[in-house]
Structure formats: structure tokens, C-alpha cells
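Start from the sequences and build out the full structure, keeping to the hints where you can.
Chains as they are written, first to last, in the UniProt record's numbering: chain V, 1 to 492; chain P, 1 to 492; chain X, 1 to 492; chain Z, 1 to 492.
One thing to keep in mind: the hints can contain errors.
Because identical chains cannot be distinguished in the list, a pair is counted as satisfied if it fits within a single copy or across any two copies.
To be verified - In silico DSS-like links for lysine-lysine, alpha-carbon gap of 27 Å or less:
id: 1; residue 1: 192; residue 2: 385
id: 2; residue 1: 290; residue 2: 392
id: 3; residue 1: 392; residue 2: 237
id: 4; residue 1: 193; residue 2: 367
id: 5; residue 1: 193; residue 2: 385
id: 6; residue 1: 100; residue 2: 389
id: 7; residue 1: 367; residue 2: 392
id: 8; residue 1: 322; residue 2: 292
id: 9; residue 1: 459; residue 2: 237
id: 10; residue 1: 392; residue 2: 11
id: 11; residue 1: 459; residue 2: 354
id: 12; residue 1: 11; residue 2: 192
id: 13; residue 1: 43; residue 2: 125
id: 14; residue 1: 389; residue 2: 192
id: 15; residue 1: 237; residue 2: 125
id: 16; residue 1: 435; residue 2: 392
id: 17; residue 1: 44; residue 2: 125
id: 18; residue 1: 11; residue 2: 358
id: 19; residue 1: 68; residue 2: 11
id: 20; residue 1: 193; residue 2: 358
id: 21; residue 1: 192; residue 2: 367
id: 22; residue 1: 354; residue 2: 237
Worth flagging that the hints you see were computed from the coordinates, not collected in a lab.
4 protein chains.
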Amino acid sequence: MCGIFGVFNSKEAASDTFYGLYALQHRGQEAAGIVVADYEESKKRAVFRFQKDFGLVSEIFSDEDFEKLTGRAAIGHNRYSTSGSAKLRQNIQPFSVNYKSGHLALAHNGTFTNARQLRSDLREKGVIFQATSDSELVLHLAARSTAKKPEEQIFDALSQIQGAYSIVILTDTQLIAARDPYGVRPLSLGIKKQSDSNADCTFVLASETCAFDIISAEYVREVEPGEIMIIDRMAVKTQEPRSLYLPKSQKRARCIFEFVYFSRPDSIIFNESVDKVRRKLGKNLAIESKIKPAEDENYLTVISVPDSSNTAALGFVTESNKHNVPARMELGLIRNHYVGRTFIHPGAESRELKVRSKYNIVRGVLKNRRIIVVDDSIVRGTTSKMLVKLLKEAQPKEIHLHISSPQIISPCFYGMDFPTRDQLIASMLESENDKIRKYLDVDSLTYLSHEGLLNSVPKHEDEESSYCTACFSGSYPIAINGANTDKYENDD
Amino acid sequence: MCGIFGVFNSKEAASDTFYGLYALQHRGQEAAGIVVADYEESKKRAVFRFQKDFGLVSEIFSDEDFEKLTGRAAIGHNRYSTSGSAKLRQNIQPFSVNYKSGHLALAHNGTFTNARQLRSDLREKGVIFQATSDSELVLHLAARSTAKKPEEQIFDALSQIQGAYSIVILTDTQLIAARDPYGVRPLSLGIKKQSDSNADCTFVLASETCAFDIISAEYVREVEPGEIMIIDRMAVKTQEPRSLYLPKSQKRARCIFEFVYFSRPDSIIFNESVDKVRRKLGKNLAIESKIKPAEDENYLTVISVPDSSNTAALGFVTESNKHNVPARMELGLIRNHYVGRTFIHPGAESRELKVRSKYNIVRGVLKNRRIIVVDDSIVRGTTSKMLVKLLKEAQPKEIHLHISSPQIISPCFYGMDFPTRDQLIASMLESENDKIRKYLDVDSLTYLSHEGLLNSVPKHEDEESSYCTACFSGSYPIAINGANTDKYENDD
Amino acid sequence: MCGIFGVFNSKEAASDTFYGLYALQHRGQEAAGIVVADYEESKKRAVFRFQKDFGLVSEIFSDEDFEKLTGRAAIGHNRYSTSGSAKLRQNIQPFSVNYKSGHLALAHNGTFTNARQLRSDLREKGVIFQATSDSELVLHLAARSTAKKPEEQIFDALSQIQGAYSIVILTDTQLIAARDPYGVRPLSLGIKKQSDSNADCTFVLASETCAFDIISAEYVREVEPGEIMIIDRMAVKTQEPRSLYLPKSQKRARCIFEFVYFSRPDSIIFNESVDKVRRKLGKNLAIESKIKPAEDENYLTVISVPDSSNTAALGFVTESNKHNVPARMELGLIRNHYVGRTFIHPGAESRELKVRSKYNIVRGVLKNRRIIVVDDSIVRGTTSKMLVKLLKEAQPKEIHLHISSPQIISPCFYGMDFPTRDQLIASMLESENDKIRKYLDVDSLTYLSHEGLLNSVPKHEDEESSYCTACFSGSYPIAINGANTDKYENDD
Amino acid sequence: MCGIFGVFNSKEAASDTFYGLYALQHRGQEAAGIVVADYEESKKRAVFRFQKDFGLVSEIFSDEDFEKLTGRAAIGHNRYSTSGSAKLRQNIQPFSVNYKSGHLALAHNGTFTNARQLRSDLREKGVIFQATSDSELVLHLAARSTAKKPEEQIFDALSQIQGAYSIVILTDTQLIAARDPYGVRPLSLGIKKQSDSNADCTFVLASETCAFDIISAEYVREVEPGEIMIIDRMAVKTQEPRSLYLPKSQKRARCIFEFVYFSRPDSIIFNESVDKVRRKLGKNLAIESKIKPAEDENYLTVISVPDSSNTAALGFVTESNKHNVPARMELGLIRNHYVGRTFIHPGAESRELKVRSKYNIVRGVLKNRRIIVVDDSIVRGTTSKMLVKLLKEAQPKEIHLHISSPQIISPCFYGMDFPTRDQLIASMLESENDKIRKYLDVDSLTYLSHEGLLNSVPKHEDEESSYCTACFSGSYPIAINGANTDKYENDD
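Have a look at this one:
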């Protein structure tokens, strides 16, 4: 997964992008970069400047960098990856190139499912790839397009690409945004108006709207599935970007896992508040739950795994109380604020130390209690297992693990970094709830049902199959390059 | 403020100390260090090894470092300081020196109130100071003591020192812990027993017990005010350290602000769970609060300023409900996980950007609601003001700010890093609640009363005046070097 | 200018390349890199590994790097450049890419004179360039060739390129060396035989043979102008590489300035010892010189500008004595050993401080003497002027500056980093010897004649116009892309 | 060995010190530091600022550093050490401390022979040492002096110290220089006058005068053995420092090895030009040499080991010719300019690679010739042996090694970093010339005689035993702490 950001017509384009990426840091911690376009009304070509490196946004950029990164348009990228190719410096985005029509810089969130074929075809035609990432394909396809205008070249390029993508592109005079016709990854448009409402505005684009809040921009709408939005000098004058549209796909396939876990609760994605959905997940989990207070208890003690499950746990407690199952939210786990990106310290290979370094128990809250632990999802199960072990040091009477989503049974081929099928706990233990429960060593294990999941997300009446639930269902809406359902790997 | 840690007789003394300091990171982020003593039964002198640097614990130490930091005893220190002297490399603790009786290494949390006089006296006698920190005084006083044993030299040294201190010291054969007779700063003893309960144990010492949890050590008791505890080979055999005792002070003066804000909620300090006290503060705040749900409201919407006020907010909600004032905890503010130690980015001088970088609002939770914001304390007021401004972007109907402690009216001379008196909001606005309320731009402002504060902390029946409440009351239990109540400054 | 190196079939290919680049460091100090090919008999594709960075060879590589850079073939590059484009990380060579036929890595010394046209043509066809350096062109042209074998693709590519180049290329199974048909830049073949003379040998390639000496390899011969030499498993078995040949150019144009200044005196280039040529330059300078000892002198006092002019000065003294003009070599200037690559220190913008930091005078040697200073060449004249000023502090009676080459009157378009024409001292002062003499503030100024220069270098009877003397004569043997004799600049 | 520098009343004191240390870099490459005193006429106390680190001077300081290092007086130090204690950061000089009378900063070249006793005595009195270097003793002794003025405290301190030292000290108002009464290590005074000759001047102090040349200062005289020179505001007004004098020692013991090898040839030390002495050493070597041209030779081919032996080789050639033994200086060895301080590269443990990385042969000059190699000294013999091996690759007919000093038979206890006695080649091979010759694999081996050595250095008629020749003679002029002639080691 990755976070992308773009801004057009800002006096502080690089700084805005820095803060935008900072707010999107959870979408990728491996590397980050900013490309700035310094354009002038009177010139056809802008000067492009960039800085990118491995690490967190706050580690990569220093004050002096911003003195150099001058220009009124910028894009940025946070990279997330655990594959070996993440180690390659040339894979750090945004990519920035010169080609026949000038400059192009691109930042991409998603995965192309026909990348292998496209890459192989281009290679036969003599194309040399610098990076091993799919994202470079867009640039080569655009550079080889016979169209004249950059937006048309990009249209040509994206027409040949299948898969999941949200993209921001800088040309010499434009900021272009695009989403695949399925709408798998989120991308939203924001605006910053001048006090004089008729004056030129600043447009911003971001994977999640938390990136608008940090720079005081207002949310406008999501970039639509299949939309190629062109923001240029005209757009900032009229305060209205123009758009091209890729052919409609049969259906939409918004990633439901963005709501379940990935996005920040304070963001809007797919035109909906993540907080609201996540709370609904908790509520539906409460409705489905069979746990009641024990005879010697006045209420259920509910704790979340901070911070990702806080909202669902709150929803759970509220709904529980509404159904006359008294419940109380407690802080049984404390999250360490200083958990960094890399953790390469003594014994760090031990997952137990990783868990202990991230969480600590509040004994007084847990001791001799029956505890409902609300967590958002279980992938490998190793962290959950260690967390349960840690909780048990506080000597709770019972631990009931409630997951605010169904079992994850299949890998993601559209950009979410899940492990291969056989590393998923549901696969390893044959999806049998009781086997998983025993492995995790809890007194009960409850997953939200598929219905509960789908009931929690907004409906799109006019759209067929609005969400991709492949990780929970195994049903893939976009064809995977020859039906290969092994973990996709770049072939370089 | 600082965090200190010590361990004796561990196969992984340096690694234990690393994790201990990691858990105590909130007590100081400027610099950190570890000193390891590699001693052998048969030798009088240990080999001392150290590493220390500016930065977070996780930035300072790498895997290879631990291969070098061999030895079975260690102490560590997290440094917190905003004064200029913090920039000096030689001030990074632990201090480690050679002297006539061998090696001494020391880590210190606190402030000596007669440091100026002691330093001046020693200087006249020809002593050269390397650091500008008070802590070095202990070493010089011990080195000049006529006593023969290190523990007696340290007793001599501490007998001449007034002020607040919790100290851990390594000698060639011992780990020594000491607390001032007032008991201002916390320090606790922990133990790790071998499976064979008669085998030699490992002793640990830490400012807060969260440092024991991370390395799976058990809490034993606090080091008592005025106690000088000696842990050596005998102690680990008998599982019982021996102690010397400084003359008793008339009264105790435990820092109440450790409970209010500074310590982690999952820690035990002064023999009490911080979580429990902080929850009691919230409860007492609820009892004192006059806010009721409005006519069109079913319940009070309570949000905390995460994460430091979470526990108090929970206590507030619980107690409120108990008193038939329905209240619900909501997540209206999201804390960014990637807020680092230093924040030196574009416009970072602006406190507004600092606040926006740390927190974001969840609009759906706040919009059109009357919000009770529970926060632990107000120092300068600038952060609170910005937080209120940020909350207002979500268009709440009203904001009622509840502080789970009284007004801070006086600086701390015992180690807490408060600003000078005239930078405190209570001083600037003459302690008038309404002036402060208007400045912060909230609909009401409620502080916990002094009685509510004292009622929340454990009583010590046999002790006179168990807590230092100087920051809230202006009454200083330990004389300040000639009654100088200006901000104390080292004179180097 | 740059230095290039290649090795095939060595157990320590990366380490050999490190030492080779270390010996060639004088050819480029901006950046360096090594690419290693880890191939196996049984596999078609090798694993390529690389490391490259800005700085000196000794700064870029550490011990651990060599543990990772495993493989039996390698190429390396030292980059020299003062143009802005040198600051771009992506311009650091060797370039290493994937293309349809596998891997290619390339290191290049020289300049293509039709680069602008080739680049523009390729760009129109949709090619995206990563670097702004010409060298990348070879890779794109090879990747677009319809030939099947890498050596044929490279032949195709080089057939389209005009200009000066010595190139080493790694493919998945071969080390390929190539020189332009004019033979402008040097490139030599070396060999390391095993004690068993029939065993597989190691082949090495380097800009200068000093790179062979450091790794105890033997010099074989130069790679011929227009030769494309292919070293593969067969070649190391038979101890004989095979070659393709580009069409012969009408004439040769070996860079005479390599002999005058650029190459190391301990190297062989163009099949001749640099030391021998440089000594001959000094001898011819002595023959042409009109300076005799003064009446009160027993001999001429000759000093060199260390270390580049040492050999010429020795030749001068020897020849002078042979012609009954007694002369003695003295050490009047001492060269600081610690002059680093970058000199960014207080006042370093001042050329005077640069000269003072590099050289110091030995007063006793110079005071009250008439001094013959032998230097190899004058480019801008600023360093010479400062050196004269420095020498005068020792109060010599007279200073007679003797240059062991003619006036430099024209820029180089084949890779030597001279300034534009109007920054050359000869241009500024209209080539008038006396104006230059006055500017430099010396008592006399003598340049070697063109005849003296050409008489010093080896003859190639069978070759027309064996040397490029464009910098001294203004006559350019290879056409410059539309006769543009302004300083050539890449257009990116 | 170390280099020291001081400057008083300069607008660019830090920058002057940087360049001074840069010129003295050969005296120590391990670490360096600068302390600046920012004093004002009207104030008793100066502000002291410093920067120091491991590495070369040019690596440690950057442009911004000089913006911070403001102040008109400064001292600097280059550290040379191979002992383990060199790895300690706290040993990097100058030392800078606060004490009862203000600030003191000190830089020291030399060794105290009674350091062990002084250290032990002070320690018993309660002194804590920060560094393990002797130099700190001066500061503690001065701080404990009952005298009032810093210069008197320093007099007191030095009166208690035995051994070799040249020292520069900054106080709040003075720059103080001192040399031990034997005058073992060099230290000179220089001056920079303003154009108005009556205006305040700038005074400089340096181990060698090459540090004056680089900043255009003039040499005045050496600081005399036993002199404590005080440079203050009065001194710069009157252009005359005042001095205190330590009791005279019976004799002088200037280090003769400074002339033989250590100092730069362009320096003046002990009031004499090093170039002149070194040339005399070469001349005397020629007089003592028995080598004549062979029958088939017209002249002796003489090469030096660059650059340290260049001057002696020149002297050898000149004198040889004068005695009708025709000889010619040739450049048979080339020194690599890029040899850095540390050489931690593949196979670098091999001395052969070290020698190959530093030197290369010029085959044409050496092949089939009888070669006289002039070198300055042989310590362990390992480098010489490798150099001979390297030379033999050029297939000379014979190699005759001439050393411009006698055999080194004893370690130095006064600061020169020789190995222990049994690592000296002369010790290992029992001083037998022929054994050493065979070990080095040369055709003949000639050392300069003791008489030749003493005849080369200036006489001091009025002084008894002007030079320390202990390394050549085994006779130590200053008592070594209980006649312990093992390698002296600090006891920390």
C-alpha cells in the first residue's frame, strides 16, 4: 500500500505535500518522495525538482530542503512494501522523467494485474526499465503514445492497463489524477479557496482526507472510478477541473479493507467517513455477539487493541448497552508512542519482544475480569497470539476475542500487503474457528459475519458489486494475469 | 525530567537496559545512554563499557552495539531537558569515571537545590567539572570522601546534598540505588527469578514499573525515601539487598504531578498504580463538574486529549453515569503515530502546525454536539488554545474544557520542566478562570479542586505531608537555595 | 574525464575493481561505482549487484560491501565532472539495466559528438532517459537493436555513435571492451595468469595500466581503436579474447593531453610509457629554452610543480646538463598530502587559499635564486598566478616559467574538462606571450613548441594524424555535431 | 606525536587554526579539535566554544562550523596515536574546562614521564580524571594551585611535571605557550602585523612553521626550552609577549628524529630549516657511501621513497656529483595522492596491499638498472621489505638501500610513536646489518653513522648535549619513571 498526494497552485506546494504525506504516513513507511514543478505562465516547460529517500517523511526532509523545492505544484508518495524490491532506491516514487513532450512525474497506489505482459511486450520493443515497480509502465506507455497532449497520452497509457490504481501525475503545466474504473484505491479532491472567493484556488489530491485537514483544505469529492482529472491554470481560475473518462467497468470494486483497517478513522474515503463505518462494524459485531455479562458481573469489560480498534470497540460498547447488555470500554492495553518504523534491536526477531515493545497491560483493569478484546482483523495470527499471552500476565478470568471483520482467507492482488495464502492463519488452520481459538489461546473467538461487514459500508444503489471483498471471500473482481493466484511477484 | 534504570546479574544487562529505557522514553527524549559493568567473581575491578548519544533510545543503539556492551550489570538514563545545557554532549548520562577506588557510573533523575553552593565550594578546592549538570557533584563528593567503601562514600556524598533525586550507581561490584529523604522522584525495585527459586536472581531498578513489564520482571517495592540500597553478589544470592538510610526528613514530598501527567498509566509509582489514580482524578472531576446534558441531548459527549487524558476521561464518564448524568466517551481527536522527537519542518515554529501534526479531528463525532474535553493539565495554554481552534473546525455546538488537576501556578524546582512563572497561563491571566476561558475560547473551563486532587492519591497515614504540590500551590517543601524562586539555572 | 575498469574471471572481482579504481582515482573524483556480475556456467542469466555513490572510491566502499558484491566479473567507473549534471545521482556510472536480452552494465570515458541528435531521435520514438549523460544512449540503442547477441547489439549501437569513447560493458556472460575508431581515450588489456599456465586466466581492462600494477596483473596490449573485444568463458580458457571491428576511420586522434598531464607517469597508455613521453617533453623544453645560468650562478635552479611536473622537470635538468647548461633539480615546492577531493572550508572560494593549502614553499631553496619553474600546462592561469605569488614570498631573484606543452587555445569536445574558450588564459590575453607573462608576473614565460610536443610522442608510421591536438591547435579531428564549437552542453 | 597551534587577536581565529592544523596534519591524523575564546575588553570571562572529533581536519570542520566558532583567540590540536586509548572520544584535545579562576583550554604535544605518579597522587586526593591522556594533569594541577593568576597556576603545574611537552593554553584573557626545559618537542612563535606597523598584531604559535606559511604569518623565533610565554592584550599592543621561565635543566634534548623524518621539510623547527638538515643528512650519507657506478654505468641511479626522502636523496645526488661519483635523481616510485587516513578495505590487513596502494613503480626508470634507494629510516622493516619486493617487479639489476639515519634500536618515551623494542627490526635481527639486509632482500644496506647524523644538525655551542638521540643510541636524557624501559603505557 502507498499514500499519494498532489497539490496545484500553492505558494507552499512542497511544504503542503510534506504535511500531506505526514498525515498519510500510515499508508507507507519504507520510503517517500516529493517532486515539485516550478512553472511559469509564460513558459511551456517547468523546472522539476525532487527529493526522495528511504525512511519516514520526517526523517527525509529538512528545513533547507524546502528552500530548494520551490514551485507551485507538487506530488508526493509514501511507499509501503515488504518485498525485496522495496530495497531498491530506484523504486522510490514519485518517478520523474524527461520525454519527448517535456516532463512527467508520477506517484501511484495500487497494482497492475497485466503488468507482466505489458512489461514483456515493451521490453521486446527495446524499452529499458529502471525500476522493478509496475508504476513505471504508465510513463513508458505515455511516452510511446502517438497523442500530442500529455493528458491524451496518459489516457492512451491507462487504456492499456488493468488493475487497481490511484495515480497523481505532474506534467509541465498540469496536475493529473486518475483512478482505475473499478475504483479499488481511494483518491479524493480537496480545495483551498482564497478569502476572495473569486480568486484562483489551490487544488489538492490525496489518498485520504486526513491529508486535507492538516493543511486546512476542504474536501470536495472523490475522484471517480475511471476518471482522469486535469487540473491546470484554467481549472484554478474557474475552480473546476475538467475530466476525461476511461470506459466504464461492469462493476465497482472498492477495497473494503480500507474501511476495516487501513485508512485512518479521521479520513473520508469513497465519499464516506471511515470512523462511521468502523463504528458500524463494532455495532454489528455487538449485535452478532453472544457474550453476556457473567452472573457476578455488572457489565462486560471491553478493551480495544489501540489505536486501530478503538472506534470499533466504542461502537461495540454503545450498541451493546442499547441492547441491554451493559458494557464498559476500558483501557487495558497501552500503546507505546515511540514505536518506530524499524525495529532492529536485540532479540527483535522475536515477535514477543515486538509486541511487548508496542503494548503494555494495565494490570488493575484486567485482573480477575472477563475481558472482551475487540480487534479489527487477524492476518497471520502471530501478533494476536502474543497479545493474548501478554494480557494473560494480568491474570484476567477469561479472554473473549472479537474481530470486527470476517476471516481473511485469500491474498490481495490489488495492492494490500498480505502474505501468501499459506501464511494466513485461516489457511493454516483450515478456517476452523475452534482451531484458531485454541491456537490463540482465548476462551472464545468471534468474527463479524460477511453480512455484518457489508451492512456496515455505504450502499451504492446504482452500482453493481460496489466492494472488493476478495481477502474475505476469495472472489476476485479484476482478472489476475492468467488466473495465477499465487502471490504476485515482479519478475525482475 | 529523566528516566533511570539499573540491572544487576543479568545475562543480557545491556539489552534489558535498552528495553527499560525504551519503556521510559516518555521521561526524556533528548539523549540516552547505557553503561555496562563487566565484572568477574575473582576480580576487584570490572571493565566498564558505555554508549550514549543524543536522540531516542531506538536511534542510538544498533544490534552491533549490544555485541560490544557485554557485562552482567548495567545502568541507563533517558535525558529530558529544554535548557541550553542539554545541547552539551558531556551532559549526557550516565556519567562514568575512574577514581581512587575504581569505577563509578551514575544516572540521576531530579535536581539538587544546594548545587550552586556545593559546586562553588568544590571549585575553590580545585575541582574541575566536566559537565554542567548537577549530577556530577555526587561523583566528586564521593571521590573526596575519606570513607573506604563505595557505598559509604556515596552515603557521605548524599549527606551533603539537598534536593530531589532518584539515583542508580554502578561500582566495580555493586548496583546502588538511592532516593532523597523526601521521596520526590519515583524509583522501584523489581526482580527476575530463575525457575529454580533458590538460584541467583536478577535485580532491576526503574523510575516506573512499565520498564519491568517489558522485560518480564516482577515489581517488588519502591526504593524508600532516604534509602541507599546496595545490590551485590550477596544480594542476588540471598535475593535481598541490604540498605543504608539517610537521616529522615520531617516530611515526604512525592511529586503529585507524576500521577497527574508525567508517568505512564500502566506504571506503578510510589507503590500505587498510576491508572488507578488518574481514573480517580477523572471521577472526582465528574463529581465536581456542573455540566449536564442539554435538553436535546441524551448524554454528555466526552472526549479526551489522547493519550494522556484517556484514563481520566474514562473515569469521568463512569462516575458521571453513576451519578445519573449520562455520558459517553467518544473518539473526537486522533493522535498521529508518527510524531517524532524533533519537529523541525517547514513552518514548524508555528504551534498551530505542531498541533495539527499531532492531532486531527473526527468531524462526524463532533459536529453539532456539545463536547466535554477532558485534559490533564494546562501549562502555557498555547497548545490547548490551538486544540480548541482545531476542534472548532468540526463545528461542535459548545466546548467545555475539563482539567483533571488544579491550575498550575508555580514553577518546579525539583526536576519537572515547567516554564518560568510568567509563562504559565495561570500567571499571565492572573489565575482568573474566566480570563483563561476567554483566552482559550471555550464555553466553560473547569479545573479539579485541590481537595479533589489530594483525594485521588493514596494516603500515607504515618507520614506528614506526603506530596509535593508546589506547582499547584506555590508551597515548596524543600528549601530552594536561598529562597530564590526564579527559574533555577546552572551558572556555567 | 573518467576512469574505467573491468575484470573477468576473478575470485575477487569487486575487490580488484576497487583497487583498479583507486589507482585511477586521478581520472575522476566526483563519484564512483562498481557493478558485479555473479554468473554461473549453467545459467543464462547472471545476478547483477552494484554500489555507487558520490565521493572518492575509498569513501564509498566499506569492508561489508565486498561481502555482498560477490561475483567473478565486474566493471567500475570513476566520474569526473564539473558540470551541474554531475550532481545528479542517476548520472553515476556504471549504468546497470535489464532489457530484453538480460542485463547490461556500462562504464564510459569520453563524449559522443552526435549525442544531441541521437537523443532527440530516440525521444521522439518514446524513449525515456533516466540520466542526462550521453552514456545511456549506448544502452537504448543496443536494447532497440534487432540483433540477437549482446555483442552484435553493441556493435549496432556503436555504429550509430560518433565521438570519443572507451567503454567497458558487462553482459550476463561477457565482459566487452570498446574504443572509438579514432582511439581518443586510452584503454588497455591486462592478464593475470594462474601458476599453472594452462589454467583459466583472469582478464582485466583499464584506462591506464597503473590499475594493473596495483593488483599484480600484466599488461598485454591496448584495445585497438575501433575494436570491440569480447571476453567470455572461452576467452579465459584460450587466454585469447575475440574481437569485432568497427569500420576504420580515416585517421587516429589519440588525446595528446593524456600524455602531457592527465595520465599517471607510471602508466602505459596508447602502448607507450607516460613517464618516457613526459621526460621527453622536458628534454625538448630544455633544448628549446634560452635560459642560461647567470654570471654569478654555477647552475640553473629548476623546480617542478609537484607532482604532475616532476618528470618533465627531471627531463629538463638531464637534457640541460647534456647541452652544457648546468642545471640542478631542487624541491622548492612541497605538496600537502592531505588535500582532499572537496575543499569547502573557510575562505575556500579564494583560489589563493586553495593554492596555499596545496603547496608550500621551501624558503632556503628559493631565496635570492633565479628559479626555473617547470609546469605541464596553463589552462585558466589563475592557479599559476597564485603559485608565482606564493613563490615570491621566498624572495627568489627571478622566476622563469617553463611550460612543457604549447598554449591551450581551444576547448575539448572529447571529454577533457576544459573551460569555455573565453576562460582560457590564452584566449583572454589574445595568445600574446608577453601579456600572459605580465599577468602571471614572471620574468620570462616559455611554452614548448608544437614541434617539440609532437616530437615527444611515439610515431605511428602507418597511421594518418595519430594524435588529437585540438586543445593546442584548434583543429578538431572528429566533427562536432554541426560545427558548434561553443562548450557542448547536454540539453536536459 | 601531535600538532599544536594557537592564535591570539585574529579576526578569523578559528579559520586560522583550521589552516594551521591542516598544515600540521602529518603530525597526527586520528582526531583534531579547535577551541575558540570569544573575549571582550570589558569582561573578565570569555565565552569558550569548541568542536572536536575523530578524523582529518578537513573531515571534521564544515563551513557552518566557522560561523559558530566566533572569537579572536583559538588553539587547536591534531592527535596521533595508535594505542587503544586513542579510541576514546574524551581523549580528543584540546581539553576545555571550567575551574575556579574561569576557563582553561589546553593542547599538548609530548609525554610526561612522571605521569603515573602524579595521577596516582591526585587520585588519592579525590580527583576524578575524564581522559586517560597525561595532558589532563596540567589542568588538575593548575586548578589545585594556590596561586591567583592563571599563568602562575600553570607555572606551579609545570614545575611538578617531568617529561617532554610543548603546550598551548587558552585562559579567559591569554594565550600561553610552554616548552619543557629539555626542549624535546618544537614550538615556534609567529606574528602577523597590520599594514600600520604600530597597530595591534596577531600572534601565532605552532609545532612547525609550515603552519605560519599557510596563513601568511611570519616566523619570529622558537619558544625557548623552559619558557612559559604569555600572550595577552598587552602583548599584541607592544608586539612583545612576556615570559616566565622554569628552572633550567642541565642539558637540552631536542628530538633529532623530528629532523630525520617527522617534521615537514618546508618547516623551521628548533630555529633551523628542516630542508637544510635533511639535505645535509643526504650529503653525509653520500660521503659515507661506498657505492660507485658500475663499469657499464655512467652514473648512479638514485631514487627516493617519496615524499619523505626526497630532500635527502637530492642532497645525496648533489654531494655525490661533487665527489666525482656521478649520480642522477630519478622518479622510480610514484606516490598515490589519494591515500587516506584509514585504509579499511578488502585485504587491507595485508601490508603488501597497503604498500601497493601507496606506491607504484615506474618500470622504464628501474629496469636493468642498479638502483640506490634513499629512505629516511627503518622502524619495523615490514614496509621497506614490501617496497623492495615491489621495486623488483621492475627488474632492476641491483638494489642498494641507503638510510639517511642510523639504526633505530630503542623505543621513544617522549612522544614519538615507535613500537616496543622487540618489534624494531634492529632488535629482531640483533642489529646485524647483514641479517637485516638479507631480510629486506637488497644487495647492500647502508645506514648513516651517528657522527654523520650529529654532523647534520645545527650546533648549540653553549648547550650541553643539545639533542635527544635515544631511539638511535638507547641513551635517555630524561629519567623514565623508575627506569622502566618497556613501552610506557597509561594505566587506565
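Right, here's what the structure says about each hint:
no. : hint        : verdict
1   : 192 <-> 385 : between (46 Å within a copy, 23 Å between copies)
2   : 290 <-> 392 : within (22 Å within a copy, 40 Å between copies)
3   : 392 <-> 237 : neither (61 Å within a copy, 29 Å between copies)
4   : 193 <-> 367 : between (54 Å within a copy, 22 Å between copies)
5   : 193 <-> 385 : between (49 Å within a copy, 24 Å between copies)
6   : 100 <-> 389 : neither (60 Å within a copy, 49 Å between copies)
7   : 367 <-> 392 : within (9 Å within a copy, 39 Å between copies)
8   : 322 <-> 292 : both (13 Å within a copy, 21 Å between copies)
9   : 459 <-> 237 : neither (35 Å within a copy, 68 Å between copies)
10  : 392 <-> 11  : between (54 Å within a copy, 26 Å between copies)
11  : 459 <-> 354 : neither (39 Å within a copy, 37 Å between copies)
12  : 11 <-> 192  : within (12 Å within a copy, 51 Å between copies)
13  : 43 <-> 125  : between (34 Å within a copy, 24 Å between copies)
14  : 389 <-> 192 : between (49 Å within a copy, 18 Å between copies)
15  : 237 <-> 125 : neither (42 Å within a copy, 35 Å between copies)
16  : 435 <-> 392 : within (19 Å within a copy, 49 Å between copies)
17  : 44 <-> 125  : between (30 Å within a copy, 21 Å between copies)
18  : 11 <-> 358  : between (39 Å within a copy, 23 Å between copies)
19  : 68 <-> 11   : within (13 Å within a copy, 32 Å between copies)
20  : 193 <-> 358 : between (41 Å within a copy, 24 Å between copies)
21  : 192 <-> 367 : between (51 Å within a copy, 21 Å between copies)
22  : 354 <-> 237 : neither (51 Å within a copy, 32 Å between copies)
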